Every structure is written in structure tokens, then in C-alpha cells.
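Engineer: Each chain, written out:
Protein chains: 2
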Amino acid sequence: MSTIVIVGSGMMGSALSVPLSDNGHEVRLVGTPLDGAIVKHGKETGAHLTMKRQLPAAVKWYPFEEVAEAMEGADLYVNGVSSFGLDWFIQEMVPRIPESLPVLSVTKGMMNLPDGTLISYPELLEQSTDKKISFNAIGGPCTSYELADRDFTHVSFCGRDMEMLRWIKSLFETEYYNISLSTDVRGVECAVAMKNAYALAVGLAIGMSYAREGKEIEHYNSQAALFGQSVVEMNKLLDLCGGDPSNVRLAAGDLYVTVFGGRTRKIGLLLGTGMNFDEAMEKLAGVTLESIVISTRTAEAVRALIAAGKVQEADFPLLLHVDELVNQGKTVNVPWKKFETEFMV
Amino acid sequence: MSTIVIVGSGMMGSALSVPLSDNGHEVRLVGTPLDGAIVKHGKETGAHLTMKRQLPAAVKWYPFEEVAEAMEGADLYVNGVSSFGLDWFIQEMVPRIPESLPVLSVTKGMMNLPDGTLISYPELLEQSTDKKISFNAIGGPCTSYELADRDFTHVSFCGRDMEMLRWIKSLFETEYYNISLSTDVRGVECAVAMKNAYALAVGLAIGMSYAREGKEIEHYNSQAALFGQSVVEMNKLLDLCGGDPSNVRLAAGDLYVTVFGGRTRKIGLLLGTGMNFDEAMEKLAGVTLESIVISTRTAEAVRALIAAGKVQEADFPLLLHVDELVNQGKTVNVPWKKFETEFMV
Chain A
1 MSTIVIVGSG
11 MMGSALSVPL
21 SDNGHEVRLV
31 GTPLDGAIVK
41 HGKETGAHLT
51 MKRQLPAAVK
61 WYPFEEVAEA
71 MEGADLYVNG
81 VSSFGLDWFI
91 QEMVPRIPES
101 LPVLSVTKGM
111 MNLPDGTLIS
121 YPELLEQSTD
131 KKISFNAIGG
141 PCTSYELADR
151 DFTHVSFCGR
161 DMEMLRWIKS
171 LFETEYYNIS
181 LSTDVRGVEC
191 AVAMKNAYAL
201 AVGLAIGMSY
211 AREGKEIEHY
221 NSQAALFGQS
231 VVEMNKLLDL
241 CGGDPSNVRL
251 AAGDLYVTVF
261 GGRTRKIGLL
271 LGTGMNFDEA
281 MEKLAGVTLE
291 SIVISTRTAE
301 AVRALIAAGK
311 VQEADFPLLL
321 HVDELVNQGK
331 TVNVPWKKFE
341 TEFMV
Chain B
1 MSTIVIVGSG
11 MMGSALSVPL
21 SDNGHEVRLV
31 GTPLDGAIVK
41 HGKETGAHLT
51 MKRQLPAAVK
61 WYPFEEVAEA
71 MEGADLYVNG
81 VSSFGLDWFI
91 QEMVPRIPES
101 LPVLSVTKGM
111 MNLPDGTLIS
121 YPELLEQSTD
131 KKISFNAIGG
141 PCTSYELADR
151 DFTHVSFCGR
161 DMEMLRWIKS
171 LFETEYYNIS
181 LSTDVRGVEC
191 AVAMKNAYAL
201 AVGLAIGMSY
211 AREGKEIEHY
221 NSQAALFGQS
231 VVEMNKLLDL
241 CGGDPSNVRL
251 AAGDLYVTVF
261 GGRTRKIGLL
271 LGTGMNFDEA
281 MEKLAGVTLE
291 SIVISTRTAE
301 AVRALIAAGK
311 VQEADFPLLL
321 HVDELVNQGK
331 TVNVPWKKFE
341 TEFMV
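These protein sequence lines are chains A and B, in that order. Residue numbers for the first sequence follow this note's numbering, beginning at 1 and rising by one. Residue numbers for the second sequence follow this note's numbering, beginning at 1 and rising by one.
Chain A with its partners taken away, still in its complex shape (with noise of 0.2 Å):
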């Protein structure tokens, strides 16, 4: 039995101690600052108050006054916050583990740097420490409520060193919990940062579909090729960050499963309806999205990347689309003819 402590109870984190509580280790799952109202009711019911699922009895709650009782004597540390808490896990956490500490990010997303460089997160928190942790990163379609209903599942586990990733995986690999392991960082977080901007333009073929039928009618054809332009690109952005062309199954069905749900797909399909970006956000209430930091960043890299003669504006049109939708306040137009292609053998 290894103890895992999980720093993080929002969904996805909460959802890890699902496989790790049905192999039998201790969980320790402690709110950020931002979890108080999680952890009371985690506390006080056993359920998770936002995933509206009780996990498994075994877990223990902590309130982050607690954090360090609870990594006393861990053997992984999860990381458990979003993209957008990426900087105070830097700043508040990675000072307080140990070398020894191993850490399994659930965190998915790339910076860009001002050359057109794009980055993984794990790079980058290697990069936020002089300390020699071991960071690694989960990838991959996973929703946390099919996961902690012990759904049929497939991620990958990112990292530098197989074996480190191979007793990773030991503590959480269940029958339900399918996992495959990659040394291949940045590929893997390219692929399944990157579907979140995809992920938003296939919406659009939806929001086109309801605004020409009047009512939530949805046609694919449309769908479909924006899918497979999606592919196309997301193959070729795989090539430009140096990631391994095998991940595009990451992409692939990571972006299948993003279509359709969530406010990915929802912000998607407002800009789809003819809105313009203010307005599509304004109907959502104006939550963050991580697909549109990433849509912006990706975006950035490669007009960074055309400037600079490396890339043509021809391989992404329906990036720079997006781009256009979210960034610079135009509506919706997808370029279909530059998706058309001459292939000789």
C-alpha cells in the first residue's frame, strides 16, 4: 500500500482517488485555498459537493491549513489544480516538496514562448525550480465523473523516466483505468493541450447547423470535415513542437470526446450561431475557458512562427480562424476552400 496525497479536490483530482482508493492506498485529498466549501462537505457527507458523487470511504479530507500533515509521509503527489492555478502551484507548492516526492500533474496545457516555441507544463515547472523533482502529467480523454463512476478509460502518463511512469501507474492502474506510458513529454501534452482550440472550432459546425435550422438541429457533414481539417492540423502542430506523431491518437480521441461536452464545445457553438466573441462570452456568464487561453496561445506561437518564415499561414486556416473569433472580434466565416488539398503520389 503507498499513501498518495492529492493537492486539489477539484473534479478531476477528486476523480483520481477512485482508482487509487480500489487498489487499496491511502488517500489524502487536500483543498487549495480556493476547495474550503469542497473539503467541508467532502468532510461532513463523504460526496464531492460540484461532481455530485460520493467517493470512495477511504479518503481523507484535508483542509489546506492541513497540507503539510497530509504530505508527511507520501509517496506521489498529485497535482491536482487547473491550468489556471498553474501559478500558485509553483509559487505555494513546489517549494514545499521534497526531492524525493515524486509529483502526476492532471494539469493540461503549453505556454508559448515569444519565438513561437510551445512548451509543455511539465517542462515548464521543471524549468519554475532548481530542485530535481520528478514531474510528470496525465493525458488524455478522460471526463472525471465517467472516471469516478468506473468507466471504461484510456490516458496516457507522461514523464522523463519509464520506470518512474511504470510504478505510476502501478497505483492506479484498475480494469476500468486503462493507461498507456510515454517518455514523449511534449508530445503528449501538445496533443491534448492543443484539441481544446479544436474542440471549440468543430462546435462551430453546430452552431452553424442551429442558426440555419432555427432549433437545435445538428448536421455533421460540416462536423466531419471540421474534424478531419482538425486532425490535419493538429498533426502538423504535433510535428512543430516536437512531439511524436503517434499522439495524434491522444488528439484525436481527446477531441472527440471534448465535442461533445462541456463549455468547450458550448462557446464553440455560439460563435458558431454568428455572435461575436463578447456576446458568445456574455452568455456563458463570463467563465474561464481553458480552451480559449490555449486556442490564443497556440494561435500566438504560430503567427510567431509565420513571421518568422517557419511556417506558412496555408497549414493552419482554421486556427487562425479561431483566432480571429476569439481574438480579434470577428464572426463567424470558416475558410472552407483553404481546406481543399492537392495530393500527388
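Please note that a few of the clues may not be correct.
One copy or two, it doesn't matter: identical chains are merged, so the pair holds either way.
[As the list claims (entries may be wrong)] Taking lysine to any residue pairs in the SDA-like style, the calculated list, with each CA pair at most 25 Å apart, reads:
no.: 1; residue 1: Lys330; residue 2: Gly36
no.: 2; residue 1: Lys236; residue 2: Glu342
no.: 3; residue 1: Lys330; residue 2: Ser100
no.: 4; residue 1: Lys52; residue 2: Glu216
no.: 5; residue 1: Lys132; residue 2: Ala308
no.: 6; residue 1: Lys169; residue 2: Lys283
no.: 7; residue 1: Lys337; residue 2: Asp149
no.: 8; residue 1: Lys215; residue 2: Ala58
no.: 9; residue 1: Lys215; residue 2: Tyr145
no.: 10; residue 1: Lys337; residue 2: Met1
no.: 11; residue 1: Lys338; residue 2: Ser170
no.: 12; residue 1: Lys215; residue 2: Met281
no.: 13; residue 1: Lys310; residue 2: Pro245
Think of the hints as simulated: they come from the structure by calculation, not from any bench. Everything numeric in this text was worked out from a predicted model, so none of it was measured.
Position chain B against the provided structure of chain A, taking the given hints into account.
Structural biologist: For chain B alone, coordinates are given in the frame of chain A:
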């Protein structure tokens, strides 16, 4: 203005009359001997009997008895029959087609040779005759309904001669009907054919959700995992059949649209609930399914290649499970653990 004769007034052949008519071409829509009722209804009402759409008024309807008259002076022959009509097309129509009349087929599919080679229908057609007819084909995600409704669509035309393809494209292209071109015939056809097998596979997860929930609730982690695995295996199949990897766009887009609708999803769903193949087909009232034919042929080809030591069984766990379900009387038992990989850079 050109004259296009479409032989086969099923839904896809007939839907192609819409962009052609919008471009001002003369369209002659000829029923096969099985299409008598469709042609009669079309002549009387201008509407398509099974697609339940009004076709452009300029479309001229012909019963099969008048096919010679309809072909007189045509610039392009559109072969509108499904793969189940392929033998009929080879035996009845190819002998009537002059070498000067290029062909564009809607028929999607592949044949497997005993040694495991997969060949495309255009290649098969070339081999079926000594005549030098230009056989071209359409691939890519397109439902006939939505094309007839002039919804945005992106397909690929493939054939050996790019100049010929450009001319055919010029007849069809409209604002809503977008067309890429490829001389990689086997790659395009392989991509669009094999998605049938994998759409059935993704459907399994939907059936598994229904069975677990006892009602029609879909889960997405498992669908996404099967979608991702499908993309992995389709990439390998593309490689095996000598197709260019860029065709994964077609495969992924076509898989996406096929999962959403129709009989392929349905058979996968029924198998996913735990039925065996005979029970599932009974529910579907014995309809013929291209997906079943394709799954079987592809699996046969892969098994022949495994026997010859050219590929590994471990490379196609999902396809081989579909084959077990369709051809070996087994019930659903997705080999999740076989999808797990280790990747080291």
C-alpha cells in the same frame, strides 16, 4: 455546360445532382433495375422517394430501359450504386461505357486478395476490363441528405490523373461542396472504407453504456478511447495498404460522421449491449451492411498478413475483436489492456 449521366438513383447518386444542377449542368438521373419506384416517383413529383427531398427541377429522370439514350452525349458518367451493386456495374455497365467517357464512383470499399493485399474499387474496376476507362471515385465524410440540403461538406475525389480530377471537380464544386483531390487512390479508398469497421467498434462503447445504465445514456471516455484506438489502427492499415498517411483526415472525419448515424452505429451499439451477431442482425431485420463486409474483408486481410509474418496481431486488437463479434459468434469484451502502449523517445 456539361452533361452528366448518373446511373443509380439511390440517395448518394441522386444527391450529387444538386451541386451539378446548381452549376448549370444537364443532369440525367438513371435508375438501376432496382430503382423503378424511385424513378417513377421522381418523374411524377420531382422528389426523391427514399431521401424525401425535392431534387432540382432541371434533373431529368430515366428508367433503366432508357439508359442508352441517357448516356448519349454525356461528358461524365457517375456510378451511383453501392458496393453491393459493384458486380452489376462491372457486368452490365462497364461494357457500355466508351473509353472517352470518364467515370466517377460513389462506391466505397476495398477487396482483399488471398495474400492479404487490400485493393481499392477503382483498381478493381480497372482490372475488370481491357478498356482504358478513367475510373475515379469520391471519398470522405458526406451524408446524402445534407449534401442535398446544400450543407457544408468536404470530400476527396481520387483518380490516377490530376488533370482529369481537376476537370471533374470543376463540374461539382460549389460554395457548400468542397473537394480535395488525390492521385493516391488506394490511400483514399482504404481510409474511407475501413472507417466502417471502426464506426462499428466505437458504437460498442455506446451499447456498453446503455447496457450499464439500463437506458439510453452515453458515456464518452470509453467512446473516446475506442475512437483513439481506431485512429491508431487506421493509420497502420493505411500504411499496410500503401496509402499516404495524410488520408487519416478522411478516415477520422468519416469515422466521426459514421458514429453519429445510421446502421453501422446501430449494429455496434447492439453488439455493445452484449448481443451476439445473429441476435443483433435479427434486431436490424437482416439489412445488409457495408460495415460488416468491410470489417470482415479487412480482418481477413490482416489475418492473412499475420499468418505471413508481415504484421503482428498486437497491432490490430480492436479490428480483430470486431471480427470475433461479427464472424465468430463472440459477445463484447473489449480488449482494453491491449490498447495500452509504452512509447520512449
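Engineer: Confirm or reject each hint.
Structural biologist: A quick look at each hint next to the structure:
{"no.": "1", "hint": "Lys330 / Gly36", "in the structure": "neither (40 Å within a copy, 50 Å between copies)"}
{"no.": "2", "hint": "Lys236 / Glu342", "in the structure": "both (17 Å within a copy, 23 Å between copies)"}
{"no.": "3", "hint": "Lys330 / Ser100", "in the structure": "neither (50 Å within a copy, 48 Å between copies)"}
{"no.": "4", "hint": "Lys52 / Glu216", "in the structure": "between (28 Å within a copy, 21 Å between copies)"}
{"no.": "5", "hint": "Lys132 / Ala308", "in the structure": "neither (34 Å within a copy, 49 Å between copies)"}
{"no.": "6", "hint": "Lys169 / Lys283", "in the structure": "neither (41 Å within a copy, 41 Å between copies)"}
{"no.": "7", "hint": "Lys337 / Asp149", "in the structure": "between (43 Å within a copy, 19 Å between copies)"}
{"no.": "8", "hint": "Lys215 / Ala58", "in the structure": "neither (47 Å within a copy, 31 Å between copies)"}
{"no.": "9", "hint": "Lys215 / Tyr145", "in the structure": "between (29 Å within a copy, 18 Å between copies)"}
{"no.": "10", "hint": "Lys337 / Met1", "in the structure": "between (57 Å within a copy, 23 Å between copies)"}
{"no.": "11", "hint": "Lys338 / Ser170", "in the structure": "between (46 Å within a copy, 16 Å between copies)"}
{"no.": "12", "hint": "Lys215 / Met281", "in the structure": "within (21 Å within a copy, 34 Å between copies)"}
{"no.": "13", "hint": "Lys310 / Pro245", "in the structure": "both (19 Å within a copy, 22 Å between copies)"}
Hints 1, 3, 5, 6, 8 from the list above are not met by this structure, while the remaining hints are.
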